[in-house]
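J.: Kindly produce the complete structure, drawing on both the sequences and the hints.
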Amino acid sequence: MNKITEVVPFLAPVQILILSVIVIPSFYVVWLSLHASSFGQSATFVGLQNYIKVLTDPAFLLALGNTVLIVIFAVHLELALGLGMALLFASGLPCRRVLLVAVLAPYAVSEVIAVAMWRFLFDPDVGPVTAMLTWLGLPMLDWSFEPSHALIMIGLLTIWLHLPFTFIILYAARLAIPKDLYEAARIDGAKPFDAFRRVTIPLLGPAIVVALLFRYIFAFRIFSEVWLMTQGGPARSTEVVAVYLYQEAFSFNAFGTAAATAWIMVLASLLLATGYVFLLRKQVAGNAH
Amino acid sequence: MRTDKLAIGLGKTVAVAVILVWSLFPIAFLVLSSFKPGQDIFAVPPKLVFSPTVQHYVELWNGWGVFFSGLLNSTIITAGATIIAITTSTAAGYVYSRYSSRMLDASVMFLIIVRLIPPIVVTLPLFPIINAIGLNDTHIVLMVLYATFFVSLGTVLMRTFIDQIPRELDEAAQIDGAKRLTILRRVIVPLAAPGILAVAVFVVVFAWNEFLFAFIFTATKAKTAPLVISEMIGSIDGVDWGVLFAASTVQLIPVLLFVIFMNRYLVAGLTAGATKG
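Heads up: the sequence lines are chains A and B, in that order. Its first residue numbered 78, the first sequence is counted upward by one per residue in this note's numbering. Its first residue numbered 586, the second sequence is counted upward by one per residue in this note's numbering.
Calculated from the structure, these hints are not laboratory results. Errors might be hidden in some of the hints.
[Said to hold, decoys possible] Cross-link-like lysine to aspartate or glutamate pairs, in silico, EDC-like; alpha carbons within 16 Å at most: (1) A:K268 with B:D825; (2) B:K764 with A:E83; (3) B:K808 with B:D722; (4) B:K806 with B:D722.
T.: Below is the structure:
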């Protein structure tokens with residue numbers, strides 16, 4: 078295996094970065110999660126106590142509930158919008174490239190600036206969107222006081238920031254479907270809706286699964302939008318799992334429970350990923366028959 | 586039939602208009618408002634015609650020197666992270682594209698799995714370590730963190746792009762006696778430029794905009810522009826919206842232009858990244 082030793086210098090930088098910054102620290106987090114520790118104290122082994130403490134903490138359960146709500150609400154709405162847009166773009170639009178760039182624009186916007194924009198647009202007193210909602214006779218989003226309104230704001234903001242990603246994945250997959258298939262469906266007398274159901278949806282299946290998987294995993298770790306919008310308040314009512322973790326570690330110095338929370342996050346991501354990879358395999362196998 | 590077409594055309598026009606307003610209105614509103622004089626910012630309905638002023642930019646320049654050092658820090662950190670990510674992932678992507686063995690395949694799987702670990706997880710152990718070795722609040726910490734969270738995607742992307750370069754080219758260079766590093770630099774890098782640019786777009790946008798790591802690992806000396814803007818939002822004396830809009834515009838415009846000019850590479854990178862791992 079002369080070759081392998083020759084290529085090691087090319088692989089080493091990437092592997093060393095990942096091992097030293099991500100993998101080894103993550104395993105150290107496992108150790109932390111099994112001990113009670115905080116700054117300047119020596120750690121004592123406590124077994125799974127930290128996990129039990131986290132999983133029975135009402136604040137964690139609320140944070141988990143909020144995270145799941147945001148993930149379910151935001152990711153699925155985002156998928157529906159992205160799919161609609163991908164089909165609209167694929168149906169033929171003038172100046173498609175310019176429109177595509179316009180749709181991509183939010184990708185360039187930092188979470189910090191997006192929060193600044195949305196806080197102003199939805200400001201209860203001076204926000205233009207609030208004014209418009211009131212003018213239309215609709216209720217305004219009282220996001221600084223009403224936790225459910227704050228979660229809706231955060232969900233909308235997350236969709237705004239990540240729609241470009243979901244749209245591009247689905248649009249690229251839609252463009253990869255051969256035109257002949259639609260031609261054949263038309264000749265067989267299929268109506269546009271039948272073609273959509275029998276051609277578009279099955280062939281987009283894998284791309285939809287991939288987009289969902291990525292967005293579930295990334296939406297589950299949401300931190301900045303929530304922290305900058307509400308800091309988890311009022312009274313910890315809008316916390317998400319990552320904000321709970323941050324509070325445990327950096328506000329309450331409880332590194333043990335923070336580490337347990339961290340591993341719960343990692344395991345949830347792994348579970349989502351394996352679940353979807355499994356579904357994807359089954360789907361691909363199903364299509365082959 | 587004609588009315589059908591008309592209705593479809595009308596529906597499409599409305600849909601496109603809604604999409605454009607959704608995507609661009611918040612950005613346009615922010616940029617325009619940064620040039621609105623004092624009370625015009627709060628006018629309802631929002632004023633589209635106003636006499637533009639740079640007063641907020643002057644206030645920003647005079648009152649928020651820390652924002653401009655933040656921009657400088659962001660520039661240094663973004664440049665450093667991009668260089669680290671590009672060089673390391675190109676080298677690794679080259680090997681993964683040209684060689685295959687069970688160990689190599691396993692390590693690609695490993696790269697993909699690593700992406701499942703949320704960044705906030707590693708802040709717990711890294712925070713005390715970085716403090717202990719005195720690297721807290723330095724550029725290098727953020728450079729390495731930002732680069733590391735993109736090298737796994739970067740490597741997989743580079744492998745996909747390098748796979749499209751015919752092997753005959755590097756084999757010919759090998760027969761001519763070129764060393765592997767020379768082949769990488771002279772043959773692969775020029776031909777894999779679109780892939781390198783795709784990786785660069787990801788890292789530049791991420792490093793320029795990132796909040797969480799900057800919030801945890803910097804305090805004063807290495808504070809980035811997004812962090813300074815977040816302090817403007819959280820200001821206890823009430824938000825000075827004019828200055829906040831001006832600062833946001835200054836932070837946003839360069840990266841927005843970058844994404845617009847590089848949109849082809851961004852689209853290629855997103856598609857390859859999602860389908861290949």
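J.: Compare the structure with each hint and give your call.
T.: Do the hints match the structure? See the list:
1. A:K268 with B:D825: 57 Å, violated
2. B:K764 with A:E83: 11 Å, holds
3. B:K808 with B:D722: 7 Å, holds
4. B:K806 with B:D722: 6 Å, holds
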